[in-house]
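Asks: Let the sequences and hints guide you as you build the complete structure.
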Amino acid sequence: MAAYESSIREPLIRGEKNYKQITTDIVRSTEGVPPLSWWLATGVAGTFAIIYILCVGYTLWEGIGVWGLNKTVGWAWDITNFVWWVGIGHAGTLISAVLLLFRQKWRTGINRAAEAMTIFAVICAGQFPLIHMGRLWLGFFIFPAPNSRGPVWVNFNSPLLWDVFAISTYLTVSLLFWYSGLLPDFGTIRDRAKSKWRKAVYNTLSWGWTGSAKHWQRFESLSLVLAGLSTPLVLSVHTIVSFDFATSVIPGWHTTIFPPYFVAGAIFSGFAMVLTLMLIARKTLKLEEYITIAHVESMNKIILLTGSIVGIAYITELFMAWYSGVMYEQYAFYNRALGPYWWAYWSMMTCNVISPQFFWFKKLRRNLYVTFILSITVNIGMWFERFVIIVTSLHRDYLTSSWTYFNPTWVDVMLFVGTLGVFFTLFLLFSRSFPVIAIAEVKSIFKTSSEVAKKKQAERLQRGEDDSRVLDDDHGHEHH
Amino acid sequence: MAERKYWKSIEERNFDEQAFTAGHSREFQEELPTANDFADLNLDGTNATRRDFLKVLGFSVTAAAVAASCEMPVRKSIPYLIKPDEITPGVANFYASSFYDGSEYGSVLVKTREARPIKIEGNPKSKVTNGGTSAVAQASVLNLYDKYRSRFPKVGGEKSTWEKLDGEVISKLQKIKAEGGAIRILSSSIISPSSKAAIQQFIAAYPGTQHVTYDAVSYDGMLNANEKSFGRRVIPSYYFDKAAVIVSLGADFLGTWLCPVEHCERYARTRKVTQERPEMSRHIQIESYMSMTGGNADTRIVVKPSQEAAAVLYLHSKIVGGESVSLGGIDKELDAVAAELLAAKGKSLVVSGSNDENVQLLVNAINNALGNIGTTIDYAAYYNLKQGNDVQLKALVDDMSAGKIAGLLIYEANPAYNYFEAEKVKDAIAKTDLTVCLNERVDETSILCDYHAPNHHYLEAWNDLEPKNGSYSITQPTIEPLHDTRHASESLLRFAGISTEYYDFIRNNWQSVFASQSAITGFGSFWDYAVQNGVYDKSPEAINVTFAGDVNAAVAAIKGSQSQGGVEVKVYEKVGIRDGRYAGNPWLQELPDPVSKATWDNYAAISYQLAEKLGCSNALFRSEKGFGVLEGRGNGTDTDVIKVVVNNVEFNLPVIIQPGTPQDTIAIALGYGHTQAGKTGTNIGRNVYSLTGLAGNTRTTFATGAKVSRVDGKVYPIAQTQHHHTIDDGLQKRPLVKETTLAEYKKNPHAGNEDREEVLHHLKTLYGYHTYAGHKWAMSIDLNSCFGCGACVIACTAENNVPVVGKDEVRRSREMHWLRIDRYYSGTPDNPSIVFQPMLCQHCENAPCENVCPVSATNHSSDGINQMAYNRCIGTRYCANNCPYKVRRFNWFDYQNADSFKKGTFFDNEHDAAEMNDDLTRMVLNPDVTVRSRGVMEKCTFCVQRIQEGKLKAKKESRKLRDGEVVTACAAACTAGAIVFGNVNDANSEVAKLESNPRTFKVIEEIHTLPAIGYLTKVRNRKEEAKA
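Protein sequences, first through last, are from chains A and B.
Numbering that gives the first Met the number 0 puts the first sequence at residues 0 to 479.
Numbering that gives the first Met the number 0 puts the second sequence at residues 0 to 1027.
One or more of the hints may lead you astray.
Said to hold, decoys possible - To give an idea of the interface, some chain B residues facing chain A are shown, with a C-beta separation under 10 Å as derived from the structure:
| hint | residue |
| --- | --- |
| 1 | 150 |
| 2 | 154 |
| 3 | 815 |
| 4 | 821 |
| 5 | 847 |
| 6 | 858 |
| 7 | 871 |
| 8 | 877 |
| 9 | 883 |
Calculated from the structure, these hints are not laboratory results.
These numbers were taken from a predicted model, which means no experiment stands behind them.
All C-beta atoms in this analysis are idealised placements derived from N, C-alpha and C, irrespective of residue type, glycine included.
Replies: This is the structure in structure tokens:
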């Protein structure tokens, strides 16, 4: 990736670094004893993860009735959480695949953590389609496997079946992408390892990575292939999730705008979650020099873009409801804004449409506190978006006689909070055992986008020399 | 060396021929390792070989497979050793019988499976109920299996034997007789000639005995008025079918009044509008609470309870003449009513639900003046259903309190619950030396009596009934008595020292009926004929009655009693619970009230104006429009509680804002607040019988001068099944139901349904439509003859094993009814009209539920049924979400103990709210219908088991299915015949003809679901649409 880069472009690796220093900085978090704050955080997250498991057990033992659902509202927090988590995952894929294909260098600082986030989010998301089943123990019916139960087969017309394929493909490809990217870094950790067992573990994890040219060549090819495979997934997974609603007949669900609207929303929420995580990670793991304000600003720009797309989608929905002339459609949107769930709708509007507009201002875009608060706000808004779509559409559909209201139970709440626990537990474990920044990838932009390189480039320019090759080939090779 | 050995290899050289030959006889030449492998199993010495191993393997795998694949062992199912002649396992038998609960009568067919009754159908041979059934008749089968029935004779509250009970009771009776003490038999109305004869036998044996009859909801005022008017203390037949103008003054004749099934059936005949006969009756309801009948009326006039008498007086003055009082604003409306009645002389009918004999006397005078006696009112075929005498009951209670009564026998009556001074009754019973209760159930009265000689349930007993003069009816047992019970009349015979079986007693008694006819010779044939048909009718002798009532006295009495006093309280009966006798029936507790759609409770139904005045801001139905549009979250919210002080009695009651209630009136249902009604009925709601005190000679149904206030900070959970009450969503009126007026319909048969043409025009598809080669099942529901009574809901529940979920789950909007009746108000909240719309699976051809199921658990059958494969269902609930009609029901919990993880095994199943999962109650389940487990979606199947049965029957007889041969449970139960089921592919079928009726519309057809259920536009016989 050592293409020419203008010297006035902001550096993506700050400080007086060299290759060795980069390795040390990043691998440091996996070495030594984690600090007290990590133990506390893991303890809290782990507690919620255990609560989650207990709540799942309780649901399975008693029945779905322990949730707040009713005859009219058959999905509520369960599918809201599902869509929310799947959406969050999308940022990881976008960063690792699409930005790779677009040769965006700033992706290197965040792709590893974002991909991990994707996997953990998809794991959390995948829980809900499972546990929302009335009879989970027969859940294997959804797999199109040859069986001895007579000529029964799955229904390929059902968007829920498409979900099965979409989510499982997504998890598989994301996992592969993430893990194959980790191979050279595992090799690096192994090479630095002092103890025997640590060496053995990371050697196994690295699949015997030696760093030979052939390895690198295959690694690069695989990355490209997986990026190629993942890119359509960025669009297709959430499109298919949106089909869960779009293919139905329920006013507020039955709409063709959903695929792009859902994809934009997914990227929106995903980037917000990446920011939430990275802002904490860069501080606690002392990675400010690798996850720079420039990274944050880039992500905030994407949030501004996708948030505005989502906003336009909301307004388009309102317009279409009016313009369609369909009374049920008109009421569905009237009810969203002014019905008993008005607070959910306006929470969504405030968090998703109004709050990202602050990022038009460069000062706010580069302010870490503002970014952190807004990143959380956006995810609250995106949770409400799914809640609004699912619950406010369902609770008052065609027949006025069947209109009801949904109230969550403590089990609904704890299942959601519980998946947050599961997610953070996994992420915290990840942050202390795997390199949270892709070492090899960051090094690949060192020659063009680091502060060291920029400085040299500036010096050369001042001297009137060619500034396209700023670092010597041997520079920074001290780490082996 | 015997022989030189040549060898080609070392192996051959070392080859041991002997060992080889020896080994050859074995399958494996080497030592098999089996013994070692099984060493730890102590198989040494068994010489287990491969074959043994395979045997063991085969057996254990098979055993494991058998054990594992049978999720539930079949228990308690024993094949017949000697099969009874008439029972074929799997084939239902039907027996004609008769239902009578002390208040309502029905001639029924009882469906039995493997000798247990599971379903009640109407008997079309009856001239009274004419094949119709009510919700309570449908639900009566569940009472048979009620575990709170009294199961054995009790002496002093302890289990005893009949010998001991009979011995003690007889000796005490003899003692009373010897001392010349007074004995009383207190009963609800008895319509059995043989039971009456048994009572006479008892009286003959104990001459100091008198028989006192009372009805919990009294018709004594009517009986007295008829006696004074026509010299006959009877209630005549009302022929609603012959009436062109029907005026009901507070009589809920379609729901609870007198003989609702008969009225319903006759009334429905006048409400069926066709192009050939575009005529219908005109029904005006003048009432003081929002009744189901009032909701069906063409014109409804709201008066306060105390004004009902004044309204009668006003009509009387306009029609007959004489004095009158003004009712203010509604005088003009009453003038119009009077004019309409006068224009329909001889073909009109005025009925009143009042228990004031003066009011009833004026009603008689009006009917007399209109020439209705002998046309729409028939004194020859009078009813026996109501015989109660309120004064006699009061005298009895007073005598008992004074210690004047030595012996009391209670025959199917519960005065300790439904007398207006229940405490006084309880004391009086304690003061009476001998008290014998002959009730079927454990109730408030039976626990106070010294002896409880439990009665049979009607499905276990022989009996004869004469609901109407000349209409006889036989009750025949359909099952051996489940418990150690005895027919109450047989108990009386025993006490009288007569040892005849009650069955023989009835037969003897029927000799006189036999003698009165000549068509059938031989008593045996005659009896068999009557038993087989369930009914026997003979034409009653014609009776000429002439009106001789003292109108002036009645007018004066009414004028004198016009006390207007503040807030008034009206008590009424609910369609399901009635006078309280069905409080223990879970099906009926969960049946939503037709109007309020509330279950499992009674409450103060008040107007929104009164709610505002009282500051009931938490009340349900709250809104500026009075209907609850756009406001309120509905399910799960609580309602305010008010304190009502009236006649020195104080009640705390939850509030429901009921559109159509007079402004300063509170309507409260009777029949709740039991202290002894099983788990289901005990402590549900409040008992308001104390308001039905004597007014003059008869018990009243309202009280005036109530003091009402809101109980601060107190709320109460009410469980309703419908929370939004109109088709108006706040922006537009949705075309869910369609309505027109008769005048419009005469001009244009498409009236009210004009938009359908355009809707159909826009329905286009690229894919083409599916063609159904054989049958295609469809249904038509006439909104004009659906009165909302709920018989279909209970029939569906019974037929399809629909679980009862209990109040808490209903509050969470999780009721399981496959068929519900949506109730939509129109007009103003002060006085709305109602359209009832039975809503069930529409069996859409383009079913939105089908394509979204990931496992194809719901799919379309080749004969047009949207079917559910419960075994395949994994419970994603997407189908229910995507159902525009919201008719799919999910098993949130294991309501019916059907789970494969059987929870009741280790813990109590707390989701069995109504205790319906014990072995006794489960006997009511229909074995043809799967009991659904937790996590499974269910819904209406068009009674696929009935369709299948019909198809098989036709196949066996090698013929085509005939139209009307297969009838769904709901259609069969509908007294009014509003539901028609059949094959639309048969052009001659009724349903196919209705499909092209210009009144037919389908609900939200524009989304192209292609429903199989068509609804017929509601037509009201009304001059103009009520001002919206």
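Asks: Hint residue 815 of chain B vs chain A: min CB-CB distance below 10 Å?
Replies: Because about 9 Å separates residue 815 of chain B from the closest Cβ in chain A, which is inside the 10 Å limit, the hint holds.
Asks: With chain A as the partner, please determine if residue 154 of chain B meets the hint condition of a C-beta pair closer than 10 Å.
Replies: Interface hint status for residue 154 of chain B: violated (45 Å vs cutoff 10 Å).
Asks: How about residue 877 of chain B: closest beta carbon in chain A under 10 Å, or not?
Replies: Result: holds, 6 Å to nearest chain A Cβ.
Asks: Using 10 Å as the Cβ threshold, decide whether residue 858 of chain B counts as touching chain A.
Replies: holds (8 Å)
Asks: Checking hints one by one. Is residue 871 of chain B an interface residue toward chain A, by the C-beta closer than 10 Å rule?
Replies: Constraint on residue 871 of chain B satisfied, holds at 6 Å.
Asks: Less than 10 Å between beta-carbons is the criterion; does residue 150 of chain B satisfy it with respect to chain A?
Replies: Status violated, d = 33 Å.
Asks: Tell me if the interface restraint on residue 821 of chain B is satisfied: Cβ within less than 10 Å of some Cβ in chain A.
Replies: At about 4 Å, which falls below the 10 Å cut-off, the nearest Cβ of chain A leaves the hint on residue 821 of chain B intact, so it holds.
Asks: Would you check whether residue 847 of chain B satisfies its interface hint, that is, whether its CB is within less than 10 Å of any CB in chain A?
Replies: holds (5 Å)
Asks: Taking the least C-beta to C-beta distance, is residue 883 of chain B closer than 10 Å to chain A?
Replies: It holds, given that the least Cβ distance between residue 883 of chain B and chain A is near 4 Å, below 10 Å.
In the structure shown, a violation is registered for the earlier hints numbered 1 and 2, in ascending order.
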